[in-house]
Amino acid sequence: MRGTTRVKWIAGASMIALAATACGGGDSGGGSGLPAGYYSASSTEPQNLLQPANANETGGFYPLSMMFRGLYTYDAKTGQVVPAMAESWTTTDNQNYTVKLKTGWTFHNGEPVNAKSYVDAWNWGALSTNKQLNSTWFQPIVGYDDVHPAEGEPKAKTMSGLQVVDDTTFTIKLTQPISAFQAQMGYTPFMPLPQAFYADPAKFGEKPVGNGPFQLDEKNGGWERKKSITVKKYDKYTGTDAAKSDGVRLVFYTTYDAAYTALRDNKLDVIDQIPVSAVGSFQQDLGNRAIVQPQLTIQKIGFPLYDAGWGTPGAAKVRQGLSMAINREEITKALYKGMEQPAVDWLAPGVPGHMDVCGETCKYDPAKAKALIAEGGGIPGGKLTIATNADGPHREWVTAVCNSINTALGSQACEPKLYPEFSVARKDITDKKMTGAYRTGWKADYPFPDNFLNDIYRTGAASNDSGYSNANFDNLAKQAQAAPNEAAALQLWQQAEKQLTQDLPSIPLWYYVTKAGSSTKVSNVSFDVFGNPEFTEVTVNK
Amino acid sequence: MGRYVVRRLLQMIPVFLGTTFLIYFMVYQLGGDPISAMFGDKAADPVFVRQMREEYHLNDPLIVQYWYYLTGLLTGDFGTSFSGIPVADELKRAFPISIRLALIAFAIEIVVGVGAGLLAGLRRGKFADSVVLVTTLIVISIPVFVLGYVVQYWLGLKWQLFPATATPGDPTWEDLILPGIVLGSLSLAFVARLTRTSIAENMRADFVRTATAKGLPRRRVVTVHLLRNSLIPVVTFLGADLGALMAGAIVTEGIFNVDGVGRLIYLAVTKHENATVVGAVAALVIVYLVMNLIVDLLYAVLDPRIRYA
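Going down the list, the sequences are from chains L and D.
Numbering-wise (full-length UniProt numbering), the first sequence opens with residue 1 and increments by one.
Numbering-wise (full-length UniProt numbering), the second sequence opens with residue 1 and increments by one.
Just so you know, these hints were derived from the structure itself, not from any lab.
Wrong hints could be hidden among the right ones.
[Claimed, not checked] Heads up, simulated PhoX-like pairs for lysine-lysine below, C-alpha to C-alpha not over 20 Å straight-line:
1) Lys-92/D to Lys-226/L
2) Lys-233/L to Lys-542/L
3) Lys-498/L to Lys-233/L
4) Lys-227/L to Lys-92/D
5) Lys-317/L to Lys-337/L
6) Lys-498/L to Lys-363/L
With the rest of the complex left out, here is chain D (with noise of 0.2 Å):
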């Protein structure tokens, strides 16, 4: 097990490598002058063009570019932004908005998820496992934007339950439900059918029937023995979502007044800026990798014909 997480642990750098340069790579092609850019239509000074751009050695080939980057990476140094703020206080603002909001959604997803999955599953073809596809399809269906929109209308502004928009810059707890809502929406409608079909297939199981012939109290079959063992897909797709949640909320942040990650990286591929867009996607990878380590690790304790040498 110690093994396994260790090698796992390390296989994680040269992805991390990978990517991080993938990225760079990426937006450099975008081409462009980000410099002059910073003048908007009118003409750019040609000098201050010619000192920032050897200041962030825009004029170097791409791989020495990114050796700066890396070797910069290696003494904690994330880089700065054109305007002179280090990428590490942006990425410290925007992360902490939007683990929150992910978590949010995230708590949404699992219970409300998980939760009309079970009921869906053990009533198969009755009116609540109808009623589950069918609003679990709508949905699916609807883009985020307008169920954005209409949410913030009817809940936020209509009925005043919850924030319409949120505190601008410091979101509170209370002002990222609605967003969270949207957010975990779609995700929501996956686990729920995910959960529903898997609850379906293992009623027939050998081993709920074992657990039911032994005697077993049906709440004990379906919580230890029935839902645990259907959650392996589940929990696959929720490792995989939580960083999606992260980094995909940007029409979201952008509905709820939310400044985070999504918005940051737009921001900062609009504007070239290498050094931002790597910071915030790699320290979204590592989030993914860490969250595939864990999926993994859990598939042990939730099936234990599982083992990790």
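Okay, chain L solo, but in the shape it has when bound (with noise of 0.2 Å):
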């Protein structure tokens, strides 16, 4: 989910102001004029209108992922593709795709989906006039540099790569061969449309028509604007995941503290997110409701490849060193109770192919750590920052590795930078101008070594921050992506990440998990592994 983490942020910021000992209760609330048989879950105002690729935030992505189907979703546990519109999907070369559709599935409004209805939205969402904020989803099909063009106007309404065969197929035709593409069919922007959409996209994003097991409940507010959005079981679903409860109601609160004071009052049923003031004692405060579950995230730090003094060979010997003098076993037991895990690679625990590859350059060893950083010709500049915005829960973690690696060194050599804010930061990240290391983060959009390899570490990816080029790797990522099955494909993405724990072009620190709770009147709460509540399996207790 792009971006989910920054909204997280945001309402972290507000958070770390209060940051104080969480007490809680309370009166009132979410629950109010609730129907019977529904629950409440906390989210936050949608940052855009309700259309599928529109969405990179968990506020806009909850209620698309409640009211939406593709032709994918993803196992809760595993993370896995699981069919869900699709009957089947076939491809020969990773490049062409033929989908056929299950039939039976209706919109909200009664219309069929078919082959069109995908093939439409698909093309809605590419086009660049249509300002969708995940467009670029669509890159990979061919045709797409028509809709989408770096300069100027469109040259087509159409990507020629999408081709409706009949009602129930269509085919799908890629730049190149990506073995990952069918596990990104569960993501919001390949979700399909009914053709009242068209008729005007931005009022149909206020109230949204999908075929999903939720729809929108008008009847009970529907979205009200910064307050809540309330849905109800689609009676005429046809998928697996069918709502076990009447309803939900989305309830925006200010902060996840407020949020958490109302779930300990009964006025909210699930929270995603337990406050920072929180974690140390939620585990206490809600007994058997409090949930503890690992997620597809890991926490980096980043550095500049491109600056002359991070660019050197040696350089990567004196990463190898500052990995090795950060203890994260005693971080994440002191800021995260030991909830967190030490990273052992660059994927996260759920990934398929995630594997301990780091070895012990990710192993607390300080003897180690200075012979490395000597033999590498010592810190660059003698100084190491590792910058951070200051408007979110990250300060507190860096400090702790500055310190860290102070200590291990005997040195006073690291500190944090503070940026004012997320914006600040990232525009100096992307326009190539850190000096020194920063911290870096990555939410899985979906479980493939590729999301987490390919997208980042690549010569020229989009999300190649650090710069980092080697001509090894992307010659395994290649291979990778064009390979037949998953298992060789894995076993290349391993090759390739033990060419990161060479060069280390980011330090991995750990992998975090979700921390929420319920509150008394629901059971079966779960989250899987992106971190998103399960809605669909949540029960109202009678």
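Each chain sits in its own coordinate frame; assemble them with the hints.
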């Protein structure tokens, strides 16, 4: 989920501002006026209209994922793709796909979902003049450059790589083989749209009509700006993941502190994130209603390899030394009560291919750290700064990492560099103007190594902020993407990760876990590996 | 009097222009690219960024951007946020909430603050005076968020006297009582102390002695002569405070889940949404200016010696 983290950071910022002992409790709140059989869950106001290709934050993603279903969904436990609307997905070369749809699916307005519903929706989402945040997801499809040119007006309205064959069949042609393309099909940009959408996309964005297990409940408010979104169970839903409650109200709280207070007071039923102030106490407060589950998110420290000091061959040794000077065990124990797991690779637990490739480079060893840094010619400039935005919850751990490095090296070489806020830090990073290290994180868009490796470390990749470029890695990544089967692909990705261990363009730190909770009014509350609540599974206690 | 008011209203125009430009300038100076930041840690789509930057005139120099904003303002257009919501709608939603919260805090401040100040001033050096002084000292020393959480825990959760968190998006009057108490408490302490000092001073004033010598009942001496003349510094403080109550409530708003102006401005600043920040702050500036005018006019009512030509 692109940028999900950003929204949580904003909320995190207000949490930090308020950080104090969390007390709880109260009356009134989200529960008021909730129809029987419905439950409430914390969320945030969607940043944009509810159009499938236009949500890259939790606030927009939650309602879209409840009201829409695409070809595939993800297994909550493993993150692997499982068919939703796809009857079959066939390819011989990972470049030309034939998709067959299941029949019997309908949109909430009764319109049947067919091949055209998909092809039209994707074309609309890719067209640059429609200004969809997630347009780039369609980039691999042939004809994307015509509908989304880098300069000027689009030359076409549809991508030639998408063809409707018949009512239930369409074909996709990519510009190059991508073995993980199927794994992306569960993400919201690839959802189908009813024909009613095109009449007035803006109005539709306020009152979306999807094909998912929930439909907008206008009778009980629908989307009330800055307040809540209410959805109800779609009775004619054909998928296997039908809702087990009558409906859900997503309630927008100003801070996670306030939401947590409301939860403890039974005014809110599901909270998707525990405020920083309560991380130490929530398991005690909530007892068996506290939820701790792994999620596909990794925290790292990135380096500007385009910088003269950090771009030298010797600097790789320095980075390895720094990595070994960070006591991950101790930091996660102190800051996160040991719930976060120290990292051993650049993926995350639950991503296929995840294994310990970093080895001793990611283990705390102050003696070896010192030796390696000396061998590499010392820290460039004699000083290591780790940049972070001060308006989020990252400042604490950056300080802890610096303390760890300073203790291990017996010097005062490391210090945090604070940016006033996120967008300022982000601009320096994307403009490649960093001179020191910076914090960086990654949350899976889809659970496959491509997303964690190819999209970040391949030469020229869109999110390659460090400017890392290695011919061997590029070669392995290309082979892995074109690999005939998953096992072969995973093996190649692991080799590629070995290359990362040598060059260490970024230092893996730890993987995050979902920390959440529920009220006494609901049961079966669980979260998927992306950290999102499984909205369909929750049941309301009678 | 009429001419004075007109003159003051006209003076508001340059002040308004100056403040809006300053705020515009300050948000502009933050740097960073708000559009790229919409993509979080991921790479931004350059085509999207280009289109949005053109649409919101972000590539133009500051002065041109400000000009677009001002001309829009003249036609009643407050601009739109990056997510396409008219700023006017945002203001219409947030201001009533903050105004209600500020009024509750304000009422508590006046009733309790002036009451306690009067009591302490009249009984200077006695037990009641000491109680007021010590309590207000404590209130002044406690950070707002500590007070907020303590009040929320005891009055809201433990004793269930008031709602602990407000209804999301649409707080009722009842929801706003606790945040109102917390928000008003600091100013309440100032008001009480100001009133106390002022009362204590005026107790020895000639007009009080005269009123007492005339044989007026004590109640009339205190309320009409003593209190009325002692309120001038308090009214000055209260006038400036109403604006502060509306804009400076971000911590309290966060604890009690009140989605008001403070939070609107905070979020808009983090997103560099110039139109929203300037719109909200400009409205607050007007509140300040109008309150100042009212305070100045009140001086004449409270103290007959003051006249405006």
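Here's how the hints hold up against the structure:
This hinted pair checks out: Lys-92/D and Lys-226/L have alpha carbons roughly 12 Å apart, not beyond 20 Å. At most 20 Å may separate the alpha-carbon atoms for a hinted pair to count; Lys-233/L and Lys-542/L meet this at roughly 17 Å. Only pairs whose Cα atoms come within 20 Å are accepted, and Lys-498/L paired with Lys-233/L is rejected, the gap being roughly 47 Å. With a C-alpha separation of about 14 Å, the suggested pairing of Lys-227/L with Lys-92/D holds against the 20 Å cut-off.
For a cut-off of 20 Å, the pair hint linking Lys-317/L to Lys-337/L is broken: about 31 Å separates their Cα positions. With a C-alpha separation of about 16 Å, the suggested pair Lys-498/L and Lys-363/L falls inside the 20 Å cut-off, and the hint holds.
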